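S.K.: Take a look at the letters that make up each chain.
There are 2 protein chains.
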Amino acid sequence: MTLLWTVAFFTTAIAQENRIPSKGFAVFSADGQFKPYEFTRHAVGDNDIEIRILYAGICHSDVHHVRQDWAKEQFPMVPGHEIAGRIVKVGKNVTKFKVGDLAGVGCMINSCGECEACKENREQYCSNVVYTYHSHDQFHDYEFTQGGYSNNIVLTEKFAVKIPDNAKLEKVAPLLCAGITTYSPIHAVGVKKGDKVGVAGFGGLGHMAVQYMVALGAQVTVFDITENKRADAKRLGAIRYVNVNNPEDLKGLDNTMSFIISTIPANYDPYMYIKMLKLDGQLCIVGLPATANTPSIRIDKFVWQGGRKVFGSQIGGIKETQEMLDYSVANNIYPEVEMIKADGATITDAYQKVLDGKVKFRYVIDMSTLK
Amino acid sequence: MTLLWTVAFFTTAIAQENRIPSKGFAVFSADGQFKPYEFTRHAVGDNDIEIRILYAGICHSDVHHVRQDWAKEQFPMVPGHEIAGRIVKVGKNVTKFKVGDLAGVGCMINSCGECEACKENREQYCSNVVYTYHSHDQFHDYEFTQGGYSNNIVLTEKFAVKIPDNAKLEKVAPLLCAGITTYSPIHAVGVKKGDKVGVAGFGGLGHMAVQYMVALGAQVTVFDITENKRADAKRLGAIRYVNVNNPEDLKGLDNTMSFIISTIPANYDPYMYIKMLKLDGQLCIVGLPATANTPSIRIDKFVWQGGRKVFGSQIGGIKETQEMLDYSVANNIYPEVEMIKADGATITDAYQKVLDGKVKFRYVIDMSTLK
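The listed protein sequences correspond, in order, to chains A and B. Be aware that the first sequence starts at 104, since it is given in the working numbering, and climbs by one per residue. Be aware that the second sequence starts at 104, since it is given in the working numbering, and climbs by one per residue.
No wet-lab data here; the hints were simulated from the structure. You may find that some hints are simply not true.
Said to hold, decoys possible - Listed next, the in silico PhoX-like pairs over lysine-lysine satisfying Cα-Cα at most 25 Å (straight line):
#  : chain 1 : residue 1 : chain 2 : residue 2
1  : A       : 381       : B       : 222
2  : B       : 381       : A       : 222
3  : B       : 463       : A       : 222
4  : B       : 381       : A       : 422
5  : A       : 201       : A       : 265
6  : A       : 381       : B       : 299
7  : B       : 222       : A       : 222
8  : B       : 444       : B       : 422
9  : A       : 295       : A       : 192
10 : A       : 378       : B       : 222
11 : B       : 463       : A       : 378
12 : B       : 456       : A       : 175
13 : B       : 201       : B       : 126
14 : A       : 299       : B       : 222
15 : B       : 222       : A       : 296
16 : B       : 192       : B       : 175
17 : A       : 126       : A       : 444
18 : A       : 222       : B       : 126
19 : A       : 222       : B       : 296
20 : B       : 295       : A       : 295
21 : A       : 265       : A       : 422
Bear in mind the structure is a predicted one, so any value in this text is a computation, not a measurement.
From just these sequences and the hints, can you work out the full model?
M.R.: Structural data, given as C-alpha cells:
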C-alpha cells in the first residue's frame with residue numbers, strides 16, 4: 104500500500120513536472136476584456152501531440168461564451184476552437200502525425216470513445232465530449248480546458264486533423280468550426296445540383312454554407328439584414344440576396360426551397376423560413392442567439408406547414424472534419440478572413456465589432472505575433 | 104350577351120333547384136350546444152356521389168373547431184370529418200363507385216388538382232384544399248361546407264374512398280382521420296421491426312398509432328397522464344406504459360427512441376420527447392392543443408439535441424387514405440369506439456366528456472338513429 108501511494112505520488116509529480124507552459128489571452132470575467140494570461144497544459148502523453156498555434160479564428164460562439172450568454176462560465180477563460188498550427192512534439196504512440204506537420208483543432212479535444220455517437224464517428228454528440236475550452240477534461244483530472252487564443256495546445260492525436268501542405272494556412276482555422284458546422288448538415292441532407300436552397304445569416308458560418316452549396320451546384324438564396332453584403336453574396340455565387348427588412352425581397356419565396364440552413368446568431372422569426380420550405384424541405388439550425396434572445400417555434404406551426412422538418416446540427420465528427428478539410432482545400436473553399444494581431448486590446452476590440460455586426464465574415468488572430 | 108345571361112340564370116336556377124336537402128346537428132355559436140339543423144347541399148354533379156351517412160366519428164379537432172380554439176369560425180357549423188356510409192346516388196361520369204357501395208370521407212372533399220402537392224397525391228397540403236366542413240368550396244360558389252353529423256354528404260368521387268365490404272363498418276369512420284393521420288407519418292419515416300418508438304397521448308389518434316406500429320413489429324412505449332389507460336396500452340401491444348406524471352416511469356428513456364408521434368391535444372413539454380430521441384430520431388407532431396395552450400420549442404434545443412428532427416403531419420392524401428383503409432381492414436386494425444345516438448343533447452354531452460378526458464378512445468355517432 105505504501106509502495107502504491109509512493110508510485111502514485113511520483114507519477115502525479117512527474118505529470119505535474121512535465122506540464123507544458125502556455126501563454127495567451129483570457130477574459131477574467133464576463134466583461135469581455137482580454138488580457139495576457141499564463142497557464143500550463145497537461146504533459147504530452149503517449150497518444151498526444153503538442154501544436155504550436157499559428158492561427159486562431161474568432162467564432163461568434165466565443166463571444167457568447169465570454170458573455171455568459173448561454174450559461175454561467177468559469178474564468179479565466181481562453182477561448183478559441185478554430186485552431187491551425189504546426190506540431191512540435193508527439194507522444195511515443197502517435198502514428199497520424201510527426202513533428203513539423205500542420206494540424207488543426209476544432210471544438211472538441213476528446214470524447215468517451217465507447218458510446219453509440221462515438222462508434223458512429225459523431226463524437227460531437229457524445230455526452231462526455233471534452234470541449235477545446237470551457238470544459239473539464241475527465242481524462243486529465245478534470246482540468247479546465249483552455250482554447251486557441253494561445254501559443255500552444257496539447258491533445259490526443261485522434262482529435263486533431265491533418266492540414267494538407269498546399270492549404271492556404273492563414274485561412275484554415277475557421278474551417279474547423281464554421282466550415283464543418285455548415286458542411287456537415289449540407290452533406291447529410293444531400294444538397295445537390297439544381298436544388299433551391301437558402302442560407303439565413305451571412306456571416307462566418309453563412310458565407311461558408313454559400314460556398315459549399317454553390318460548389319454542389321445548388322441555387323442559393325442568401326438572407327441577411329443589411330444591404331452591405333448584397334454584392335458579396337453574388338460574388339460568392341448566390342443567385343439571390345434577400346434583405347429581410349425589405350418586404351419586396353421576400354415575395355414569392357414561400358414553398359420554394361428544399362433546404363435552408365440558419366446561421367443567425369440573433370433573434371429572428373424561424374417560421375418565416377419554415378414557410379419557405381417546399382414539401383419534404385428541411386430547416387437546419389446551426390446558429391444560436393444568446394439564450395435570452397432565442398426564438399421559439401410553436402408546435403402547431405409544424406402541423407400547419409406539415410411535411411417540412413426542422414433539426415439542429417453541431418459541428419461534425421472528427422472523421423467528417425478531416426473530409427471537410429480535404430474537400431475545402433481541394434476545391435479552394437475558404438473563409439474570407441481579416442487578420443488581427445495577438446494582442447489583448449485588439450481581441451477585445453474585435454469582439455465588440457462582432458457584436459456590432461462590423462466584422463464581415465471572420466476575424467483570425469495571427470498567433471505568431473504573440474509577444 | 105342576353106342569351107349568355109339567360110343560360111347562366113337557368114343553370115344556376117337548376118343547380119339551386121336540385122340542391123339536396125340535408126339534416127343533422129349543428130352548433131350555432133361557440134357554446135358547444137348541438138341542436139337539429141336542416142340545410143341543403145349542392146346537387147350531385149357529373150363526377151359526384153351522394154352518400155347516406157351511417158357513422159360519424161367525433162374527433163378532438165371537431166371540439167377545437169366548435170370552441171374556436173384555433174380561429175374564428177362560421178356558424179351554424181355541422182362538424183364531422185370521419186364519415187362512413189353507403190352511396191345512394193352517382194353522377195353520370197362516376198366510375199369508382201356505384202349505388203349501394205360503401206364509401207368513406209375524411210377531412211377533405213376537394214383540392215385544386217394542379218399544384219405540386221396535388222400532383223404528388225398529397226392533396227392535404229394543397230393551398231386550395233376544401234375541407235369537409237368549416238370551409239368555403241370554391242368549386243361550388245364558395246358555399247360553406249358542412250360535415251358528417253348529418254344524414255348525407257355530396258362530393259366528387261375523387262375524394263371518397265372505397266370501404267371494403269368485409270370491414271367492421273361501425274368502426275371504420277375514425278380511420279378516415281385518426282387512422283390516416285397516424286398511419287401516414289409512421290409509414291413515411293419507415294418504422295420497422297424492432298424499432299424503439301413512442302406514442303405520446305393515448306386517445307383517438309394515439310391508440311391507432313400504437314396498433315400500426317405494433318403491427319410493424321416496433322417496440323412501442325405509450326405516454327399519457329393517467330393510470331386508467333395502462334392496461335389498455337399493454338392490451339394493444341405496447342411494451343411499456345409511461346404515466347408522465349410519475350418521474351420513476353420516465354427514467355432511462357433519454358436517447359433511446361428512433362421515432363415518437365405526439366397526438367397530445369393539450370399543453371405539454373415537447374423537449375421531453377426530443378430528448379428521448381436517439382441520433383437521427385424524429386418527433387412527429389400530429390395532435391394540436393388550443394392555440395392559447397400550444398407549447399413551443401426554443402430553437403437552441405434543436406442544436407443541443409442535434410441530429411434529431413421535428414416535423415408535423417396532416418392526415419394523408421386520398422391515395423394513401425385508401426391504402427390505409429385497405430391495410431387496416433386486412434390487418435383487423437380498428438379504433439375502439441363508443442357508439443352514441445344521433446341526438447343533440449347526446450353529442451353535446453360527448454363533447455364535454457372529450458374535454459374532460461372521459462372518452463377512452465373514440466365516440467362514433469350512429470347516424471341511423473337520426474330522427
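S.K.: Does each hint hold? Answer for all of them.
M.R.: Evaluation of the provided hints:
no., hint, verdict
1, A/381 x B/222, "holds (14 Å)"
2, B/381 x A/222, "holds (14 Å)"
3, B/463 x A/222, "violated (43 Å)"
4, B/381 x A/422, "holds (20 Å)"
5, A/201 x A/265, "holds (11 Å)"
6, A/381 x B/299, "violated (29 Å)"
7, B/222 x A/222, "violated (42 Å)"
8, B/444 x B/422, "violated (31 Å)"
9, A/295 x A/192, "violated (42 Å)"
10, A/378 x B/222, "holds (20 Å)"
11, B/463 x A/378, "violated (36 Å)"
12, B/456 x A/175, "violated (47 Å)"
13, B/201 x B/126, "holds (23 Å)"
14, A/299 x B/222, "holds (19 Å)"
15, B/222 x A/296, "holds (23 Å)"
16, B/192 x B/175, "violated (34 Å)"
17, A/126 x A/444, "holds (15 Å)"
18, A/222 x B/126, "violated (64 Å)"
19, A/222 x B/296, "holds (23 Å)"
20, B/295 x A/295, "violated (28 Å)"
21, A/265 x A/422, "holds (11 Å)"
When held up to the earlier numbered hints, the structure conflicts with 3, 6, 7, 8, 9, 11, 12, 16, 18 and 20 and fits the remainder.
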